[in-house]
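Participant: Chain Y is fixed; fit chain F onto it per the hints.
These protein sequences, in sequence, are chains Y and F.
All the letters of the first sequence, read from the start, carry residue numbers 275 to 808 under my numbering.
All the letters of the second sequence, read from the start, carry residue numbers 275 to 808 under my numbering.
Quick caveat, the hints were computed from the structure, so don't treat them as lab data.
Errors might be hidden in some of the hints.
When chains are identical, the list treats them as one kind, so a pair holds in a single copy or across two.
To be verified - Only pairs whose alpha carbons sit at most 30 Å apart, straight line, appear in this in silico DSS-like list of lysine-lysine:
| hint | residue 1 | residue 2 |
| --- | --- | --- |
| 1 | Lys773 | Lys437 |
| 2 | Lys784 | Lys417 |
| 3 | Lys732 | Lys280 |
| 4 | Lys378 | Lys780 |
| 5 | Lys437 | Lys689 |
2 protein chains.
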Amino acid sequence: MARQRKFWGWGYEDFPLSSGMLENYTDMLKFSLGIKEFEDIPEPQIENLNLKEPRFSIPSELASICSAEVFDRASHTYGKSFRDVWRGLMGRFDHSPDYVAFPKTETEILALMRFCSAENISLIPFGGGSSVVGGVEPSKSEKYKGTISLDMRHFDQILEVDKASRSVRVQAGIFGPALEQGLKAHGLSLRHYPQSFEFSTVGGWIVTRSGGHFATLYTHIDEFVQSVRMVSPSGIMQTRKLPGSGAGPSEERLLCGSEGIFGVITEAWLRVQDMPTYKEAQTVSFDSFEKGVEACRQIAQSGLNPSNARLVSPLEALSNGLGKGTDTVLILGFESHDHELGKWMERALEICKALGGYWKVKEKRAEGPRDKAADAWKKSFLQAPYMRDELIKMGMIVETFETAITWDQFDAFHKGVESATQAALKEHCGGGIVTVRFTHLYPDGPAPYYTVIAKGEKGRQLEQWDLVKKAASDAIIKYGGTITHHHAVGKDHQPFYEKQHSSAFKTVLKNIKKGFDPAGILNPGVLLKEEDLD
Amino acid sequence: MARQRKFWGWGYEDFPLSSGMLENYTDMLKFSLGIKEFEDIPEPQIENLNLKEPRFSIPSELASICSAEVFDRASHTYGKSFRDVWRGLMGRFDHSPDYVAFPKTETEILALMRFCSAENISLIPFGGGSSVVGGVEPSKSEKYKGTISLDMRHFDQILEVDKASRSVRVQAGIFGPALEQGLKAHGLSLRHYPQSFEFSTVGGWIVTRSGGHFATLYTHIDEFVQSVRMVSPSGIMQTRKLPGSGAGPSEERLLCGSEGIFGVITEAWLRVQDMPTYKEAQTVSFDSFEKGVEACRQIAQSGLNPSNARLVSPLEALSNGLGKGTDTVLILGFESHDHELGKWMERALEICKALGGYWKVKEKRAEGPRDKAADAWKKSFLQAPYMRDELIKMGMIVETFETAITWDQFDAFHKGVESATQAALKEHCGGGIVTVRFTHLYPDGPAPYYTVIAKGEKGRQLEQWDLVKKAASDAIIKYGGTITHHHAVGKDHQPFYEKQHSSAFKTVLKNIKKGFDPAGILNPGVLLKEEDLD
Chain Y
275 MARQRKFWGW GYEDFPLSSG MLENYTDMLK FSLGIKEFED IPEPQIENLN
325 LKEPRFSIPS ELASICSAEV FDRASHTYGK SFRDVWRGLM GRFDHSPDYV
375 AFPKTETEIL ALMRFCSAEN ISLIPFGGGS SVVGGVEPSK SEKYKGTISL
425 DMRHFDQILE VDKASRSVRV QAGIFGPALE QGLKAHGLSL RHYPQSFEFS
475 TVGGWIVTRS GGHFATLYTH IDEFVQSVRM VSPSGIMQTR KLPGSGAGPS
525 EERLLCGSEG IFGVITEAWL RVQDMPTYKE AQTVSFDSFE KGVEACRQIA
575 QSGLNPSNAR LVSPLEALSN GLGKGTDTVL ILGFESHDHE LGKWMERALE
625 ICKALGGYWK VKEKRAEGPR DKAADAWKKS FLQAPYMRDE LIKMGMIVET
675 FETAITWDQF DAFHKGVESA TQAALKEHCG GGIVTVRFTH LYPDGPAPYY
725 TVIAKGEKGR QLEQWDLVKK AASDAIIKYG GTITHHHAVG KDHQPFYEKQ
775 HSSAFKTVLK NIKKGFDPAG ILNPGVLLKE EDLD
Chain F
275 MARQRKFWGW GYEDFPLSSG MLENYTDMLK FSLGIKEFED IPEPQIENLN
325 LKEPRFSIPS ELASICSAEV FDRASHTYGK SFRDVWRGLM GRFDHSPDYV
375 AFPKTETEIL ALMRFCSAEN ISLIPFGGGS SVVGGVEPSK SEKYKGTISL
425 DMRHFDQILE VDKASRSVRV QAGIFGPALE QGLKAHGLSL RHYPQSFEFS
475 TVGGWIVTRS GGHFATLYTH IDEFVQSVRM VSPSGIMQTR KLPGSGAGPS
525 EERLLCGSEG IFGVITEAWL RVQDMPTYKE AQTVSFDSFE KGVEACRQIA
575 QSGLNPSNAR LVSPLEALSN GLGKGTDTVL ILGFESHDHE LGKWMERALE
625 ICKALGGYWK VKEKRAEGPR DKAADAWKKS FLQAPYMRDE LIKMGMIVET
675 FETAITWDQF DAFHKGVESA TQAALKEHCG GGIVTVRFTH LYPDGPAPYY
725 TVIAKGEKGR QLEQWDLVKK AASDAIIKYG GTITHHHAVG KDHQPFYEKQ
775 HSSAFKTVLK NIKKGFDPAG ILNPGVLLKE EDLD
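Same shape as in the complex, but just chain Y:
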């Protein structure tokens, strides 16, 4: 039997956190936040959920692909943000979808779209359900008769492998691990590892412009999208398989980031990589954050294009098992299937050294150089969502937000965002911790990623977080950043997204949507307000 996934939180029910990981972290929290006692919120039980009856009936021709099972409906009610997990823990599933559809063909998807359009039922494309921005959450509005969540899990095949062009055609519902396993047989890898990797899909990555493994050049899935096939209520859009083009505005880039409001991605050709055989890794410490930032800027502009370049602030480093909380840490990596990378790393380290960076010289080992700090980071990175759930059960408010900003603005931006968030934490939670890292680097600026943690007040955590999040988001917009670098917009970021683009672009989105989805049933409230669809 397949392992059971939590209906209320991240991942598998039976996943064991690394021993001591949670204890170390809570010790740190006790110490730094002066916490004496944690809450102990019990996990919700599926048999206790009391979902509302579906508000409409499914026609017989769609009955076989639609489920009204409590587990299906509950686990398609939310994504995986703090807001989602907390509401799940509280057993709040009032706005669960009325049905979950599991189509196996495009014809079935089109039939669902026809039914929903005719009956005014909102239809929400659902990949892995790992959204942290309210991207898969049903409308609460009375204007729809109800909601169907459209789960793409049966679109899970690798359809074609073109080794000469290093490209693969895949169905969009395939999950990260299945994709990598299938590619491995051909010596290939997409090498796109969002933190959600295990429980997210290619289609989800494309429509949310997910951020992956590569710290430079191939920061988003966008770069790997060679062509796309999308089913919309108005028909199918298929783009041509091309390595590059200058014919009109990019069709693929229009669908990247469309978040299910135009249609459902069913297939894509992806650009993949050879498996890297040469790797260089080094962890560099700086005695000030500013020096680390400057090293990142110079490396980002050097043309060396490291695959890995994560700058971690002292406190965040500490909480991830990197260093003692005094140094800023830069995790640097290069990888290639084609050539030794000694020269690349040598030059990157020269840049660091000139700025006072220092590091331990490592022994070369038979299986290639390892970097314990980088390994610790990776382990911590993948387990983070599991640990987050545990912390939420302890009554903690724990969440991340992320952005991008040009180098010239970074100092003022970072100070502005950090202090606005700290002030809001102080006001609404009596204090808390804000840490930062850079997840991706561009020649013209970094993508800062903030982690927030605070002790919540019993039963009020959602309200508290929403106030802090609003303060942080307002600051991001005020100081010139983007409301999201790779988490997407969803419902949660929509009001801030609207502030960062021209009203002219809102008209563009509305006009495109009207063409694809004349009845306005697809993922309402995402990217555009529900009112905008009238």
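Facilitator: Frame of chain Y, contents of chain F only:
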């Protein structure tokens, strides 16, 4: 006094071709095409042009920015393709714009748009006028009262330099040389050199997705566009200055390639480069085209990312002063402001050597290694449009077309396109030459660039070329390529463009356009058919 530009062809009236260049080329043509005698078409004289009277009057508030001078109208009638130059030489200016407007402010542009929208006059954004795809040509249709060409030459300033982020804000009407001269003062360079560099503008590059200097990674201007400002009849769209974002579909990518049908780009923030101080250059020969192609594929997939990697077929090499017409030549280059590139070139040459590539070892010189072949190529590249005009005056049909295709399809594609073009040349011109080079390389495929030359029949050259071009374009679409990699769509490629995208995408374009340009006056016939705007 400023040098006078030709109103009928490329560049300055008084530009001198390098001595012997034309003679060598015509000797080659005589030999390979068996030409005994060339035509001698006289250049048209401005005083002999008999343009139609403007079909409407300009309101007094716009009078000071509009010209009905014959020279202005004539030089805004066409772009710079073979079709354009040939018609210019023949003195065919029947469909010249009624006026040319030279606005200095966005307010004036908006006033022009209001006037044209109210009066049903088509308005054509005009940068350098270097389109080779009918991108700036007035409508012949009766449905418009007339045409105004909107020349952006007064928007020619560098407005802001952000050295930390290596970004500059420029007005969109600035020409290539003025931009580079302005950047040089800051030690910066855009390093985007389309063949039209001297007579094209930033705004033109953006809306046509121009292809530049870099053979890999930064192949199109798209990569350098950080933010854009566009004036449309419905108002102004301004995107945020960001190094990267995941908020909704890319706003910049929607305007890249919009070819003036949504609005006029007035400003952009561009990502620029440090001036390179380290350069490696080498010219490698292969005894077969196939081996050269395979070397390109391996280099494109190696992650070395050369700045230059042009593969030139034997005959094309010969006509550009590279080699004896027996070898396929690969011009390879690396450049950096940050580090020595010996290791990079070493590895690229290893790849070539394993495929039988060979080269002359060069002496290192004080000013850095030079590469005579690369220099010859550069000289030939920049003078090519001038020489093309001379050849057209001699009655020759001479033109290029370009595309991109994935590696798995390349062999069949190239054979298909080349033989269809050859067959059409045989049928319509009694024969001719087709040569190829790769201008840009992607991990998943090359961008092949074809040059066609044939002896025309007096007075019939346009008709002959149109038949050949149609055959070539049909083959490009049939064998899976794109109708353009970096020349854009314009009016000329519109019927083929329509075949390469879904009808769903046509609806997208129409819906976006309706929002920006409700009266349908902007650059009609480009990207969309004029009928599509009804």
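Participant: Find the hints from earlier in the document that the structure breaks and name them by number, from lowest to highest.
Facilitator: Every hint satisfied by this model.
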